[in-house]
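Peer 1: Line by line, the protein sequences give chains A and B.
Residue numbering for the first sequence follows my numbering, beginning at 1 and increasing consecutively.
Residue numbering for the second sequence follows my numbering, beginning at 1001 and increasing consecutively.
Errors might be hidden in some of the hints.
Unchecked claim - List of simulated lysine to aspartate or glutamate pairs, EDC-like, C-alpha gap at most 16 Å: (1) B/Lys1474 to A/Glu555; (2) A/Lys93 to A/Glu253; (3) B/Lys1474 to A/Glu554; (4) B/Lys1474 to A/Glu569; (5) B/Lys1744 to B/Asp1724; (6) B/Lys1396 to A/Glu580; (7) B/Lys1476 to A/Glu569; (8) A/Lys474 to B/Glu1554; (9) A/Lys71 to B/Glu1418; (10) A/Lys474 to B/Glu1555; (11) B/Lys1071 to A/Glu418; (12) A/Lys474 to B/Glu1569; (13) A/Lys396 to B/Glu1580; (14) A/Lys476 to B/Glu1569; (15) A/Lys71 to B/Glu1633; (16) A/Lys712 to A/Asp314.
Rather than coming from a laboratory, the hints here were simulated on the basis of the structure.
Number of protein chains: 2
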Amino acid sequence: MKKYFELDPWNIIQDKLDSEDNRIAESIFSIGNGYMGQRANFEEDYSGETLQGSYMAGIYYPDKTRVGWWKNGYPEYFAKVLNSTNWIGIGVKIDGEALDIAKCKVKDFKRVLNMKHGYLYRTFTADIESGKKVKVEAKRFVSIVNKEIGAVKYSVTPLNFSGTIEFSPFLDGDIKNTDSNYDEKFWSEVSKKAENGRAMLTVKTKKLDFYLCSLMKYDILKQGKEYEYKAKTLEREKFVGNIAQVSAGENEEVAIIKYVSNVTSRDFKPEELAEAGEKILQKAYAKGYDELLSEQAKAWEEKWKESDIIIEGDVSAQQAIRFNIFQLNQTYTGEDDRLNIGPKGFTGEKYGGSTYWDTEAYCVPFYLATADKKIARNLLIYRYKQLEKAKENARKLGFKKGALYPMVTMNGEECHNEWEITFEEIHRNGAIAYAIYNYVNYTGDKAYLGEYGLDVLVEISRFWAERVNYSEQKHKYVILGVTGPNEYENNVSNNWYTNRIAAWTLEYTIEALGYVKDNEASRYDEIIKKLNLEETEMVKWKDIIENMYYPVNEELKIFLQQDGYMDKEQILVKDLDPKELPINQHWSWDRILRSCFIKQADVLQGLYFLQHLYDKDTIRRNFEFYEPRTVHESSLSPCIHSILAAKLNKEDKAYELYLRTARLDLDNYNNDTEDGCHITSMAGTWMSVVEGFGGLKVKNDMLTLEPFIPGKWDSFSFKVMFRDTLIKVSVSKDTIKINNESEKDIKVLVRNTPYVINALKSIIIYTE
Amino acid sequence: MKKYFELDPWNIIQDKLDSEDNRIAESIFSIGNGYMGQRANFEEDYSGETLQGSYMAGIYYPDKTRVGWWKNGYPEYFAKVLNSTNWIGIGVKIDGEALDIAKCKVKDFKRVLNMKHGYLYRTFTADIESGKKVKVEAKRFVSIVNKEIGAVKYSVTPLNFSGTIEFSPFLDGDIKNTDSNYDEKFWSEVSKKAENGRAMLTVKTKKLDFYLCSLMKYDILKQGKEYEYKAKTLEREKFVGNIAQVSAGENEEVAIIKYVSNVTSRDFKPEELAEAGEKILQKAYAKGYDELLSEQAKAWEEKWKESDIIIEGDVSAQQAIRFNIFQLNQTYTGEDDRLNIGPKGFTGEKYGGSTYWDTEAYCVPFYLATADKKIARNLLIYRYKQLEKAKENARKLGFKKGALYPMVTMNGEECHNEWEITFEEIHRNGAIAYAIYNYVNYTGDKAYLGEYGLDVLVEISRFWAERVNYSEQKHKYVILGVTGPNEYENNVSNNWYTNRIAAWTLEYTIEALGYVKDNEASRYDEIIKKLNLEETEMVKWKDIIENMYYPVNEELKIFLQQDGYMDKEQILVKDLDPKELPINQHWSWDRILRSCFIKQADVLQGLYFLQHLYDKDTIRRNFEFYEPRTVHESSLSPCIHSILAAKLNKEDKAYELYLRTARLDLDNYNNDTEDGCHITSMAGTWMSVVEGFGGLKVKNDMLTLEPFIPGKWDSFSFKVMFRDTLIKVSVSKDTIKINNESEKDIKVLVRNTPYVINALKSIIIYTE
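So here's chain A without its partners, still in its complex pose (with noise of 0.2 Å):
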């Protein structure tokens, strides 16, 4: 395997320009602060291998669906996160010769991304072909604490001439999604102003009026003095920018401080958006850049004081899960319950930015451990306030009643169109049923239930009333013509997981039903009255769950991944020829269809799910039969299996798919991440630490642990969040060691013993 980075605890470092898969590092590199984000594209002109990145949370597209064949019921649009105005160029020439690093011997190349203060740093020597060298560095970051805020510092040195460093700094809104389905441009100019030292550029969608005004300021520094400059003004269709001229002598550094502000139509009227980004802008320039930094850094480490997972004795290990951590934090904050979390993040177009199941399934349990329980909460409001679209896509389909929440989406409506996940992936439903579940049980916060969780709850039950048929063959309720989580199978039937994860809701949306009823009287009437919510709906959901059929193999007691799947040819992944691994990329769909091999946790996605209703013995049945036949080519595979080895005290097998999700995007496992980070997965890698090497998990609103520690650590240690509680949990080869960081005492069950630590106090269990 390729080796694209360095090792480092805090930092990922590349120490030579690899043209070749530079959109690798691009990716890898990227910055963001939950608002916005910025693939690590370089500042200068650059005319090799890149992917233009610059995104603004929530700001999408409705680009028109594109389709082979029409189906009824397809969506008209898939929505994308817009790629735009590129903020960060700063157009470079040296004696009129501009500087672009595929076009010059490049020396000394070095990126760091520093992920402990959140900045990316850049420097190289480059000799231009009239022979001139130069020094350059750039170190630009965006603001955690200012979020409209980005900044970038620039600096060319002469090495072995003196002469004048033109430097353009502008804002291009003349930007391309490279996926726009009709290779369309999405923006259209609103107004423009360049002025010595300064520029500001509105752009608006050609559809949904999105507007993003972006203002820039900046400073010329020589010798790391002010340098008082008269800059020429640009102007074009979508674009401004300044020329500013700076003459150094030999060993003279120059450098440009650029100052951007971002502000949008999300969180202003268009016609207040130049004013308001003025005011940030000039309160920004006003700190200077020096400050900016250092609140940056300051937050950064406040950050990773509640989420960092030490691992010590293996360097690459501890980069990679803070390498997860700090991308999930780039990512999504929580504030803003408009937002959500898409596969790629800031760091790609690819799956067009889009809400998956992802965010119910991986990501909620990594906020609802490593920060306040109101980010999950946001994560399950934005869900919440999608209702109406759930249910008006359940209508589209032909259901009278009922919600069905997207595969895709943007704003609530279904955004896909390939009719196997469209209309077949159904078990997503169950997946956002579950989540408010795993948070309620986390947390605590039963308050949810009637505030929120029922009308989702309600809604979603009544889908699956619908949803299930009653077989007059088999005498049970069967659910035909679905896709499961295995999206190696199309339009199966009666998927064990999709029928569990149906009657499971039901079961939860009853119990939930009664403990409103019990405990919020009057709210439940409410409810009852607002939802038209019958006895007899209750009375079939009942039946449904006791009727419910499960395929299952009688002989190896198992649960059947679907009706027939023992009709298959049953052979082992590593029965394979590795060559034609992963057999996505070497199969024909046809072969991949027919074959028994499972893409990712189907089965044993329920058994992960609702491990507290199964026992060990059914669980390493079911995973001793499918972790051999799944090939894992999901980013969200190996997590759950790494997790149920653990359980299962397959440690080896537990460590071992831990790798593979661990250094997914670092290591190029995929051969994709020139398309973005698998931002989504990464919450996976650190659900594997914590739930699966941590054993963590909530037990009779206990915290309970059960660790242990891969071979080759020497220790490792997490923190989570826990109902107002911030504790430690520290694993060496023969020591657990339990701090709690709070004014509470708790009580923790580690491996079935409970403790109790006090306020501020620790405890260590010898475990050797």
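Keeping the supplied structure of chain A fixed, place chain B upon it in accordance with the hints.
Peer 2: What follows is chain B alone, placed relative to chain A:
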């Protein structure tokens, strides 16, 4: 139901300009000769609703595939029959004012498709804006005697004024396909020339380099006498024409006769096209319009002698069956084994003019019985020639051996890109094998097996042998992940029809190998060697035949559509709200898939093909189960059901189903005739009469008949060719009359009684 056209036994008549539904009439009134085809677009300008369509058989374009989500194995392009040079066009101006009947008052409009003699006639009077009135008549045809020739006679008579009539005959190659995936035009110009009285245009496809050279020459007549004109020439990109003016007194008819030859690089070298086309044009011009038309009438009368069906007592049925036969004969003549039959023939762009299994399943029987055997043979050889491509196609999907014929093709390569069809609707391979059986069985031409048949049969059998897998659970061979003829379910397992036709193919291949071995030993050895066919393969085939799994319902004693079909909610079509029909226009795809409704004959298709292997009770039980669940939303469905109903003595049902197929296009039953006529299903209509009401089949090399007459009809008669004998079968309420119109005696089995009919004699059997 809207009545579009007048009833008449030999003509299709439209007696009013229906501007809203003009595209429907354009389809219905299409003319063609197997070499080229032309929708009934108007010669003069028309700004109303129109779908321009001029097609040259075998000239297609590999239009880049359009897809929402790519799957491994998809084809790079979709082949489209090309809309090509508009050669019928004649602009008309009246005292400088353009004639456009969308923009003036039209009276006495009449359009007639004369099926007996093969031409299209149109007349109307128009009040143009200036208040001038003209009478217009236009007659045109594409010659079935001189295939490259088309001719138009177009006359204008001023009714209330004297003035100048301007004709501008043209050839317009600046044409686009409405169904172009990326809005491209597919033709570029090669050369052109316009002179007084004539013009030439050569265009070339932008891919694959098909050349089309069109030449025109014309006369102008005044009161029937040749008129000397001096025309202006017109030239622009991909366009040539003339402008000629005639002064006409009140009630003086002026006319233009336009002769066109269209020649292509399929028949001539590109550099020889202009000369070849010129020769052909000159020859036709020398004959003159009246002679050409009279040749055309005679040739069509000959065709009718072989293929007419006469129905007395039901003019609607009479007109319909003739329309179907006429369109089939216009579409395919069997002279060119590189050609095949597109589902819409030359009447529209839809389905790309490509080849489907429709040809083998529906068209082969028609041509077998109504034309020389070489016609059907050429349809078979078409597939033989594409065998290498079918092998490549199987390799592409990962099969080590065998051939999978494409679902949709122009040159043997797959064009279609829906995985559930492209990869899964593999039963098409069975129909291609079946057509060989059908051809040999009907014609007795067993030499075909050794010559071409075995190659195809062996490679298809190899495909089946690899496509099945042995289910350790069922202890049977299964076929997983298929779509049957019923496209309203996808990716099912053990579709009875597919399993049965697969096993049948193996049986027939073994039988055919045996025949060739026993009768042409040296040829057999050659084939075995060439195909590298090993004994073990045949052993495996026999094992599959013996151990194939067939889903059944024991209780109902029926073959089961597919595994799990009985888990579906069982509803009958008659219980659906008629407003929800057709379900494909009213239901989401999801709902359709989950329902028990069947799009077209599936189990019953198998029982139709293999009726010699099943007793009537078996067919009856299956018919009575499936027919009520079949929505017949493919035009290919009712005919098969009608034939089986006839066989089962369900005469009313047979007639009811016949009505759905017979006037499908004339009554625009499926609401899509505007896209073109359902050419391939027209062969199914013919089958309904001959195989259904006539009860025709071949048993033990003998023609057998079991006729009955629908209650509404007084009599019907049809002709069939059987092994060089032409017989005419006439059925009335109380007699069956069989004329032997050839010089050989023939033995026929009628209602299980054998009769010998001597050459040129007839017999009458009294049935009441």
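Peer 1: Could you run down the list of hints and mark each one as holding or not?
Peer 2: Structure-based check of all given hints:
1. B/Lys1474 to A/Glu555: holds, 14 Å
2. A/Lys93 to A/Glu253: holds, 14 Å
3. B/Lys1474 to A/Glu554: holds, 15 Å
4. B/Lys1474 to A/Glu569: holds, 12 Å
5. B/Lys1744 to B/Asp1724: At roughly 8 Å apart (the allowed maximum being 16 Å), B/Asp1724 and B/Lys1744 satisfy the hint.
6. B/Lys1396 to A/Glu580: Satisfied, since the Cα-Cα distance of roughly 14 Å is no more than 16 Å.
7. B/Lys1476 to A/Glu569: Since the Cα atoms of B/Lys1476 and A/Glu569 sit roughly 12 Å apart, the hinted pair holds (cutoff 16 Å).
8. A/Lys474 to B/Glu1554: The hint holds at about 15 Å.
9. A/Lys71 to B/Glu1418: holds, 11 Å
10. A/Lys474 to B/Glu1555: holds, 14 Å
11. B/Lys1071 to A/Glu418: Holds, at roughly 11 Å.
12. A/Lys474 to B/Glu1569: holds, 12 Å
13. A/Lys396 to B/Glu1580: holds, 14 Å
14. A/Lys476 to B/Glu1569: holds, 12 Å
15. A/Lys71 to B/Glu1633: Answer holds: A/Lys71 to B/Glu1633 is near 15 Å, not above 16 Å.
16. A/Lys712 to A/Asp314: holds, 7 Å
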